[in-house]
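**Q** Given the coordinates of chain P, work out where chain S should sit on it, guided by the hints.
Top to bottom, those sequences are chains P and S.
The opening residue of the first sequence carries number 1 in the numbering used here; numbering runs sequentially from there.
The opening residue of the second sequence carries number 1001 in the numbering used here; numbering runs sequentially from there.
In short, the hints are calculated from the structure, not lab data.
A portion of the hints provided could be inaccurate.
Claimed, not checked - Residues of chain P clear of chain S, computed beta-carbon distances all greater than 12 Å: (1) 24; (2) 56; (3) 67; (4) 80.
Said to hold, decoys possible - Listed next, the in silico PhoX-like pairs over lysine-lysine satisfying Cα-Cα at most 20 Å (straight line): (5) 1069(S) x 1040(S); (6) 95(P) x 1069(S); (7) 1089(S) x 134(P); (8) 1098(S) x 1069(S).
Stated by the list, open to error - Taking CB as the label site, the calculated pair distances span: (9) 14(P) x 1008(S): 30 to 36 Å; (10) 82(P) x 1104(S): 43 to 49 Å; (11) 1098(S) x 25(P): 35 to 41 Å; (12) 84(P) x 1036(S): 34 to 40 Å; (13) 1054(S) x 60(P): 24 to 30 Å; (14) 54(P) x 1095(S): 26 to 32 Å; (15) 20(P) x 1033(S): 25 to 31 Å; (16) 1111(S) x 4(P): 47 to 53 Å; (17) 1115(S) x 62(P): 48 to 54 Å; (18) 121(P) x 1051(S): 40 to 46 Å; (19) 1028(S) x 2(P): 25 to 31 Å.
This structure is a prediction, so every number in the text was calculated from the model and none was measured.
Where is the CB? At the ideal position from N, CA and C, for every residue including glycine.
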Amino acid sequence: MELKFSARSENESFARVAVAAFVSQLDPTVEELTEIKTAVSEAVTNAIIHGYEEQEGQVLLQCRIEGNVIELSVEDHGRGIEDLEEARQPLFTSKPELERSGMGFTIMENFVDSFEVESRPGMGTRVRLVKTLKSQALASQH
Amino acid sequence: MSLHIATEVRGDTLIVRLEGELDHHTAELVRQQVETELDKGVTDHLVINLERMSFMDSSGLGFILGRYKRVTAAGGRMSLCGVNDQLMKLFELSGLLKILRMYQTESQALSEMGVA
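One chain only, chain P, in its complex shape:
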């Protein structure tokens, strides 16, 4: 599944709902679905606020299902991240004036099984998230 949409805050909820609808075929638990939606929301919000700094731009969202594994990628062609180590620190934010909590990366790390960020200053950022559904693994044993 692939979606390309404008970097506008109205589309954050659209991105979450689209991914939730797509992965619902795996019959995730409510908790798993919430974790996936939250991680997607964080990645898309980062692209809009930090990648494009709330200016025009396109966000590319890809989602793939392999068995009971969900692979997600959120990509922007915005300004990129200079210091990834710093950006990944809990509570670090480059935009405290916008009341950002600095928890986006920490939430993504905690809500999925594998989390990677690739970023090149001036070129953009790509976040890859992988989550294995436990509920599905259990269900398939029966």
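**A** The following block gives chain S in isolation, referenced to the frame of chain P:
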């Protein structure tokens, strides 16, 4: 709009009831509305009722932390009520659980504020 915001003033406490989804988009709307209420200078304390929230991410944490800073800096108290498991996980991760008072129901939160 995917977030419904209702406010009520009871004594010196502002009650904010949120229903729906609190993300970057809707956090900005609720921030403006709550700031406008607090700017009136009628209320010192704040109770945020999250009982009907269906989704929240780190933008919601930013909104809550921002109001906490404002209210406590002015000597007021702030508490949350109706926190579900999903929200609790976010509060735990972010450390907000350690600084915020949380109650199961709005009436408990209000009685702690002395405005039951």
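**Q** All hints, please: hold or fail.
**A** Now the hints, each set against the structure:
1. At the 12 Å boundary, the C-beta of residue 24(P) stays outside the reach of chain S, the nearest C-beta of that chain being 15 Å off.
2. The claim that residue 56(P) lies off the interface holds: its Cβ sits roughly 17 Å from the closest Cβ of chain S, which is beyond the 12 Å cut-off.
3. A cut-off of 12 Å between C-beta atoms confirms that residue 67(P) is not in contact with chain S; the least separation is 26 Å.
4. At the 12 Å boundary, the C-beta of residue 80(P) stays outside the reach of chain S, the nearest C-beta of that chain being 20 Å off.
5. With a CA separation close to 17 Å, the supplied pair residue 1069(S) and residue 1040(S) stays within the 20 Å bound.
6. Restraint check for residue 95(P) and residue 1069(S): satisfied, since their Cα atoms lie roughly 16 Å apart, inside the 20 Å limit.
7. At roughly 19 Å between alpha-carbon atoms, residue 1089(S) and residue 134(P) fall within 20 Å of each other, so this suggested pair holds.
8. Restraint check for residue 1098(S) and residue 1069(S): the C-alpha separation of about 14 Å stays at or below 20 Å, so the hint holds.
9. With their beta carbons about 31 Å apart, residue 14(P) and residue 1008(S) fall inside the hinted range of 30 to 36 Å.
10. In this structure the hint that residue 82(P) and residue 1104(S) lie 43 to 49 Å apart at CB holds, the actual value being about 44 Å.
11. Between residue 1098(S) and residue 25(P) the Cβ separation comes to about 39 Å, which falls inside the hinted range of 35 to 41 Å.
12. At roughly 38 Å, the beta carbons of residue 84(P) and residue 1036(S) sit within the given window of 34 to 40 Å.
13. Look at residue 1054(S) against residue 60(P): about 27 Å separates their beta carbons, and that is inside 24 to 30 Å.
14. About 27 Å separates the C-beta atoms of residue 54(P) and residue 1095(S), a value consistent with the hinted range of 26 to 32 Å.
15. Against the hinted window of 25 to 31 Å, the Cβ-Cβ separation of residue 20(P) and residue 1033(S) comes to about 27 Å, which satisfies the hint.
16. Taking 47 to 53 Å as the suggested C-beta distance range, the pair residue 1111(S) and residue 4(P) conforms, at roughly 51 Å.
17. Taken as a hint, the range 48 to 54 Å holds for the pair residue 1115(S) and residue 62(P), whose Cβ atoms sit roughly 50 Å apart.
18. The hinted range of 40 to 46 Å is satisfied by residue 121(P) and residue 1051(S), whose Cβ atoms lie roughly 43 Å apart.
19. About 28 Å separates the C-beta atoms of residue 1028(S) and residue 2(P), a value consistent with the hinted range of 25 to 31 Å.
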